[in-house]
Structures are given as structure tokens and as C-alpha cells.
Amino acid sequence: MKRIILVGKPNCGKSLLFNQLTGLRQKVANFPGVTVELKSGQFKEFELVDFPGTYSLHTLSKDEEIAVVKLKEAMQQENTAVVVCVLDATRMERSLVFGLQVQALAKAHDKTVVFVLNMIDEVRRYGFDIDTTQLADELGSPVFALSAKTLIGLSEFQKALPEIARQPEQYRNEQSAIAPENALIVARELSKNHGVNADVVLKKQNRIDSFMLNNVFGGVAFLFIMFFLFQSIFTWATPLMDAVEFAIGELAVWVTGFTGEGMTTDFLSDAIFGGIGSFLVFVPQIMVLTLIIGVLEDSGYLARAALICHKPLSYFGLSGRSFIPYLSGHACAIPAIMAARTIESPRKRLFTMMTIPLMSCSARLPVYALLIAVLIPADATLMGIFNLQGVAFFGLYLFGIVTALLVSFFLHKFTHQHDEKSDMPFILELPTYRLPHWKPLMYRVVNSGLAFIKRAGPVIFWVSVVIWVLGYFPQHGGLENSYLGKIGHFIEPIFEPLGLDWRYGVAILMSFLAREVFVGALGTLFGIEGADENISGLAENIQADGLALGAGIGLLLFYVVALQCVATVAVLRAETGKARIAAGLVVAYGLLAYIIALLAANLIN
Amino acid sequence: MTLWEIPAKNSAQIDALSQALNPAVAARLSEMGFTPGQDVYCLRRSPLQGPLVVQLGDCVYSLERDVANQIHLAHAS
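Protein chains in written order, with full-length UniProt numbering: chain Y, 1 to 605; chain D, 1 to 77.
These are computed hints drawn from the structure, not numbers from a lab.
Since the model is a prediction, treat every value here as computed from it, not as a measurement.
Do not take every clue at face value.
[Said to hold, decoys possible] Partial pick of chain Y residues on the chain D-facing surface, computed with a CB cut under 7 Å:
(1) 42
(2) 60
(3) 97
(4) 215
(5) 310
(6) 429
[Stated by the list, open to error] Simulated DEER-style distance windows between Cβ atoms:
(7) D/38 / Y/599: 35 to 43 Å
(8) D/18 / Y/454: 45 to 53 Å
(9) Y/29 / D/38: 35 to 43 Å
(10) D/18 / Y/219: 28 to 36 Å
(11) Y/155 / D/18: 48 to 56 Å
(12) Y/580 / D/22: 25 to 33 Å
(13) D/5 / Y/137: 21 to 29 Å
(14) D/22 / Y/199: 25 to 33 Å
(15) D/5 / Y/2: 52 to 60 Å
(16) Y/27 / D/18: 42 to 50 Å
[Said to hold, decoys possible] Below, a list of computed lysine-lysine pairs in the DSS-like style, where the Cα atoms sit at most 30 Å apart:
(17) Y/204 / D/9
(18) Y/203 / D/9
(19) Y/149 / Y/70
(20) D/9 / Y/159
(21) D/9 / Y/311
(22) Y/27 / Y/159
We put the CB at the ideal spot given by N, CA and C, even for glycine.
Using the sequences provided together with the hints, build the complete structure.
Listed below in C-alpha cells is the structure:
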């Protein structure tokens with residue numbers, strides 16, 4: 001199949017044009033360790049490939065480099081018929097600098113370039129227009145003015161593009177090709193003659209920015225938007241998560257109705273529906289988060305948020321764009337690690353991803369709630385004003401954030417940059433504020449859910465099967481006499497210095513599936529059925545059994561720091577591209593958590 | 001004088017990019033329009049030495065101190 005490739009700078013509306021041309025079906029190819037993503041779909045008899053937005057063909061970061069290498073490979077391939085270069089019609093000069101680079105590259109590989117001046121509706125709204133025939137003459141390539149959003153000029157382009165792709169040689173004017181070294185000057189000349197007055201275009205944007213970046217109002221707006229984001233992942237995702245949980249529960253009942261009593265049923269309901277279910281519950285949360293971040297990015301606010309956060313975070317070796325992943329990490333580390341893709345510097349992105357697991361995610365909440373209820377009486381207050389349980393919750397969140405910043409700070413200070421492409425200075429283009437279009441957003445949301453299932457699903461499946469087998473066999477005497485119980489007794493010496501007996505050891509082992517399993521597992525061991533719904537009953541049993549204050553605080557801090565979630569480890573591995581980093585973090589955070597718990601158990605009486 | 005020292009709501013003309021700049025970053029800045037003779041207008045400065053915001057041609061950019069300090073200005077106007 002002949003191929004048409006789509007290139008353009010970020011924020012030029014390329015994704016929307018891709019969606020408009022290809023319709024519903026698309027495939028996404030990822031490259032491990034980098035944010036590069038190639039989308040492909042069908043347009044007429046051609047394969048349309050959407051390349052990631054790059055600012056230039058002269059690359060600064062490793063991600064850009066891989067994107068450009070892939071582009072060059074595609075240029076060399078025989079079946080690539082046409083290169084469609086999407087330009088922002090409201091920003092002709094900067095778009096053309098890139099466009100002329102693409103044209104030169106295409107010429108070197110004997111390929112035809114077609115220029116699309118996207119967002120022509122905005123140009124016309126400002127009272128300008130662009131003479132595409134004249135511009136095409138000067139550029140030596142076909143030029144189409146259209147708006148992927150309002151559909152102006154789109155049907156003409158859809159008719160013309162296949163014609164060009166069938167006989168690309170006829171749409172090349174070798175004479176008027178522009179030498180790459182003159183690109184800057186030519187771009188300026190062309191935009192002076194054809195482009196839009198910059199002050200008119202930027203007026204609205206600068207006016208909004210005078211509020212959004214204002215020292216007082218901008219700060220308030222920032223806090224408001226971030227609060228909204230935080231709320232959305234906690235509150236609004238909850239009904240969807242409950243719905244998924246309910247559906248899986250119903251499915252489990254329906255399926256096990258056929259299998260009757262016995263091992264098969266136990267396996268299906270506990271390992272398959274229970275294990276996989278506790279993981280699928282996170283899919284809606286990930287999709288809601290992706291939607292909100294997508295809206296922030298497409299509207300142009302994400303760049304402003306990065307600008308506001310950059311300075312304070314730079315002290316810790318992080319980028320302004322690390323803020324949203326950190327915030328998201330309080331819901332779930334997995335979408336947060338995926339959200340780190342928006343960080344342009346690979347080094348800062350790596351530090352962000354490595355420290356996200358320290359944010360207190362929602363799976364830790366039941367663990368915190370249980371242990372705080374055990375350790376602190378409900379009516380205790382701090383200085384007579386603050387509820388001590390609430391203060392303890394806040395302290396645990398803060399402990400995670402501070403640890404993350406310190407870890408990042410040390411990584412920043414004590415690791416060396418291997419090559420200059422691993423870091424990037426903070427140079428940010430502030431895009432125009434725009435109303436996001438639902439189509440690219442929808443694809444992003446769906447893909448985020450699918451990517452999560454594909455990445456974390458297999459490992460969750462195996463862990464859940466192994467834990468089930470160890471906890472189920474041999475089939476007499478309950479959890480205490482199972483293999484898992486035996487392992488718990490065997491490793492008791494490890495947890496003894498922390499003031500914890502084998503039951504906590506078993507619960508900690510089972511937490512590798514998902515941390516909230518800790519509560520259910522302890523419930524079984526302390527003889528409370530359905531402990532998830534009856535935390536106070538379990539808390540009383542643990543109190544009666546006796547858990548030293550130091551050991552309890554140590555256990556809480558252990559849960560803040562230890563990287564126990566296998567799904568997170570799987571996503572870390574995929575997103576960093578290195579199993580070494582993921583495994584290293586499990587060991588390092590495990591040791592750190594152990595040492596902290598050891599200190600707490602022995603120093604606090 | 002460098003771009004970092006430009007006060008808010010002031011324009012200036014770019015003189016040159018510092019030789020000390022990483023060549024890849026210098027090339028990127030030129031493509032973004034930071035070329036000798038180009039007018040640049042400072043839209044705002046952030047508190048605590050945070051990134052500054054400038055308008056240049058048809059774009060608005062935000063640069064941190066380490067970068068802005070490497071862009072020399074001809075004269076403020």
C-alpha cells in the first residue's frame with residue numbers, strides 16, 4: 001500500500017487533520033523509553049501515518065531525535081508517495097522555517113511535499129487571507145488552505161490529495177526549490193508577503209496571559225485548575241470505577257454460576273475476577289485523568305502551568321511540567337507516569353517518573369485509614385484544634401512528597417548526564433488559547449485505557465495467579481497453613497526487627513498485587529470477614545492483639561516509600577525502556593522503606 | 001546587556017547568541033527567530049527569577065535564565 005506521511009510542529013492542528021482524514025480506525029505504535037508515537041490509519045487507498053509533532057529537524061532531545069530518524073526512514077522508503085506538511089496559517093514565519101526543512105529533506109529523497117495551511121478560519125476572522133496559488137508558485141509545492149476544525153477547504157483537499165499521491169512526480173517544481181541555508185530568510189520574506197500581522201494574532205493570547213500569568217490572579221487560577229483536576233480524578237472517576245467493579249462482580253457471579261462449588265470457582269472468582277478486577281477498576285480513573293490533561297494541553301494552559309511551576313521545581317532537578325504528573329500520582333502512579341510524557345527534557349522526565357511512586361496513591365488510602373485508626377484515637381486532637389487522625393493523613397502525604405523531591409534532588413546532583421541530548425533547557429513556546437476539539441481528545445482517552453491494559457495486564461494476571469495458588473494450597477487450615485502462610489513464617493525474621501509478626505509479612509507480600517489488598521489480607525488473618533467494608537472492626541482486633549506505636553508508624557512509612565505495585569513497575573519498565581531502572585527502584589525504595597520502618601520501630605516508644 | 005536583563009514591557013534588538021551556548025540549542029534558538037537584528041519585546045517577568053516571557057515575530061516564548069543570559073542585545077529601545 002502506498003503511504004502518505006503527515007508532519008508538522010506541535011500545536012498546528014495535525015492530529016485533528018489526521019482524525020478528519022482517517023475516520024475511526026487507527027493504529028498506534030509506541031517506542032519503548034521515549035514519547036514517540038506513530039499513528040496510522042486508512043485514507044482512500046493510502047496508508048496515512050501521523051508523525052509526532054517536532055519543532056525542528058535539528059534535534060535537541062532524544063525523543064525528537066528518534067522522531068526525526070523515523071521520519072528519515074519513511075522518506076527513504078519506496079512506498080512513501082507524499083509528505084503532507086501541516087503549517088499554522090496564523091504563524092507563517094515559524095511554520096515555514098520548519099516547512100522548508102521538510103521540503104529540503106523530501107527533495108533529497110525525491111519525494112513530493114504538499115503544504116497545508118491549517119487554521120485558515122482564524123486568519124480570515126482576523127480579516128486576512130492567503131493567496132495559496134502565489135505561495136505555491138514561490139514554494140514550488142502545492143499549497144492548500146483549510147481548517148480541520150471548521151472543515152473549510154477540507155473536501156477540496158480530500159479530493160486533491162489522492163490525485164497528487166497517485167502521480168507525485170507531477171507536483172514537484174525543482175526550479176523554485178529553496179536552499180536550506182536560506183530557509184530563515186526565505187521564511188521571513190514569504191510570511192511578510194503572505195502572512196498575518198503578528199500583533200493582531202497575538203493580541204487575544206497576550207490579553208488572556210496578562211491574567212493567567214499574573215502574579216496574584218494567575219496563582220489563584222492555577223490553584224483552582226489543579227484543585228479541579230485533583231477532584232476530577234478522585235470524585236468524578238469514582239462512579240465509573242464503581243460501575244466497573246459492579247460489572248466485574250456481576251460477571252463473576254454469572255460465570256461461577258456455571259462452574260458450581262469447587263476449586264475452579266474459587267480460582268475464577270478470587271484470582272481472575274478478583275485480581276484482574278482490582279486492576280481494571282483503575283481504567284476509568286486513567287481515562288478521566290487523560291481527558292483533563294488533554295483538555296489542558298489542547299487549550300494551551302498546560303504550557304502556562306509549566307511556566308508557573310518551573311522555577312520552584314527546578315531546584316530539585318525537575319521541570320515545570322513535572323507538576324501535573326506529581327499531582328496525578330496521588331490518584332494512581334500509572335497515569336501519572338504516562339502523563340510524564342509531556343516533559344520535554346528526557347532527564348527531567350526520568351527523574352519525575354522515578355519519584356512518582358512516592359506519591360500517596362489512592363490504593364494506599366485504605367492502608368493508611370486502617371493503621372491510623374489502630375494507632376490514633378478518633379477524638380484525639382493536635383493543640384485542641386486539629387483532628388489528629390487528619391493531621392496524620394496529611395503528614396503521610398507530605399512525607400511522600402518531600403521524599404520524592406529529595407530523591408530527585410540527589411539524582412540531579414549525583415548523576416551525570418551521559419550526553420547532551422538527555423537534557424534540554426527550558427525553552428517553551430506559548431501556544432494560542434484554543435477550544436479543544438473532541439476528536440483527538442477522544443482517541444487519546446481511549447488509547448490511554450488500552451495502553452494501560454496492554455502494559456500492566458499480563459504482569460497483573462501472573463502475579464494474581466501466583467498469589468492465589470500460594471494462598472489456596474494446600475487446601476486445609478486456611479491462609480495461615482497455606483504456602484503463603486508458610487512463607488510468612490519463614491520470612492518472619494525479616495519483619496521482626498520492625499516489630500511486626502508473620503501476619504503482617506503475609507499481608508505485605510499480598511500487597512504486591514495492589515496495596516489495598518493489605519486490608520483484606522489482614523482481615524482474613526485477624527478473623528474479620530469483609531474487612532474492606534469493616535475497617536473499624538479490624539482496627540479493634542489489631543488493637544486488642546497489640547501493635548506497638550513505633551512499629552505501626554514504621555509500617556505506615558513503609559507503605560509510603562516501598563514500591564510494591566507490580567503494575568507500576570511494569571509501566572515504569574515500559575516508559576523508561578529499561579528493566580534495570582524499574583528493578584533498581586523496587587530494591588532501592590524497598591531498602592529505604594525498611595530502614596525508615598526500622599528506625600521508627602526502634603526510636604518511637 | 002543580555003535578554004535576561006530586559007525589563008518587562010520593553011523592546012530591544014538581538015545582537016548575537018553567545019558562543020558558550022550548546023550548538024544544538026543555538027541552532028534551535030535561531031530557528032525560533034533569535035537572530036541578529038530581530039526585535040524582541042518582553043511581555044513579563046516572573047517572580048523569584050523565574051522564566052521570562054518574550055514576544056518575537058509571530059510567537060511568544062518563555063525562556064529560563066540560563067538561556068536568556070546567553071542572548072546578547074544590541075540596545076534597548
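Status of the hints after comparison with the structure:
Taken as an interface hint, residue 42 of chain Y does not check out: its beta carbon lies about 34 Å from the nearest beta carbon of chain D, beyond 7 Å. Because the smallest distance between the Cβ of residue 60 of chain Y and any Cβ of chain D comes to about 5 Å, under 7 Å, the interface hint for this residue holds. Because the beta carbon of residue 97 of chain Y sits about 5 Å from the nearest beta carbon in chain D, less than 7 Å, this interface hint is met. Checking residue 215 of chain Y against chain D: minimum C-beta separation of about 6 Å stays under 7 Å; hint holds.
Using the Cβ-Cβ criterion of 7 Å, the hint placing residue 310 of chain Y at the interface with chain D is satisfied: the shortest such distance is roughly 6 Å. Proximity of residue 429 of chain Y to chain D holds as hinted, the smallest CB-CB distance being about 6 Å (cut-off 7 Å). Restraint check, residue 38 of chain D to residue 599 of chain Y: a C-beta distance of roughly 58 Å breaks the suggested window 35 to 43 Å. Take residue 18 of chain D and residue 454 of chain Y: their Cβ atoms lie about 46 Å apart, and the range 45 to 53 Å holds.
For the pair residue 29 of chain Y and residue 38 of chain D, the supplied restraint of 35 to 43 Å holds, since their beta-carbon distance comes to about 39 Å. Between residue 18 of chain D and residue 219 of chain Y the CB atoms are about 33 Å apart, so this pair conforms to the stated range of 28 to 36 Å. The supplied range of 48 to 56 Å is met by residue 155 of chain Y and residue 18 of chain D, whose beta-carbon atoms lie about 50 Å from each other. Taking the beta carbon of each, residue 580 of chain Y and residue 22 of chain D are about 28 Å apart, inside 25 to 33 Å as hinted.
Checking the proposed 21 to 29 Å range against residue 5 of chain D and residue 137 of chain Y shows it is violated: the Cβ atoms sit about 44 Å from each other. Roughly 32 Å separates the CB atoms of residue 22 of chain D and residue 199 of chain Y, a value that falls within the hinted 25 to 33 Å. Judged by the Cβ atoms, the range 52 to 60 Å given for residue 5 of chain D and residue 2 of chain Y holds: they are separated by roughly 54 Å. One distance hint, 42 to 50 Å for the beta-carbon pair residue 27 of chain Y and residue 18 of chain D, holds here, with the actual separation near 45 Å.
Between the alpha carbons of residue 204 of chain Y and residue 9 of chain D the distance comes to roughly 17 Å, so the proposed pair stays at or under 30 Å and holds. At roughly 14 Å between alpha-carbon atoms, residue 203 of chain Y and residue 9 of chain D fall within 30 Å of each other, so this suggested pair holds. Between the alpha carbons of residue 149 of chain Y and residue 70 of chain Y the distance comes to roughly 28 Å, so the proposed pair stays at or under 30 Å and holds. A distance of roughly 48 Å separates the Cα atoms of residue 9 of chain D and residue 159 of chain Y; the hinted pair therefore is violated under the 30 Å criterion.
Restraint check: the Cα-Cα separation between residue 9 of chain D and residue 311 of chain Y comes to about 21 Å, which is no more than 30 Å; the hinted pair holds. Between residue 27 of chain Y and residue 159 of chain Y the alpha-carbon distance is near 24 Å, which keeps this suggested pair within the 30 Å criterion.
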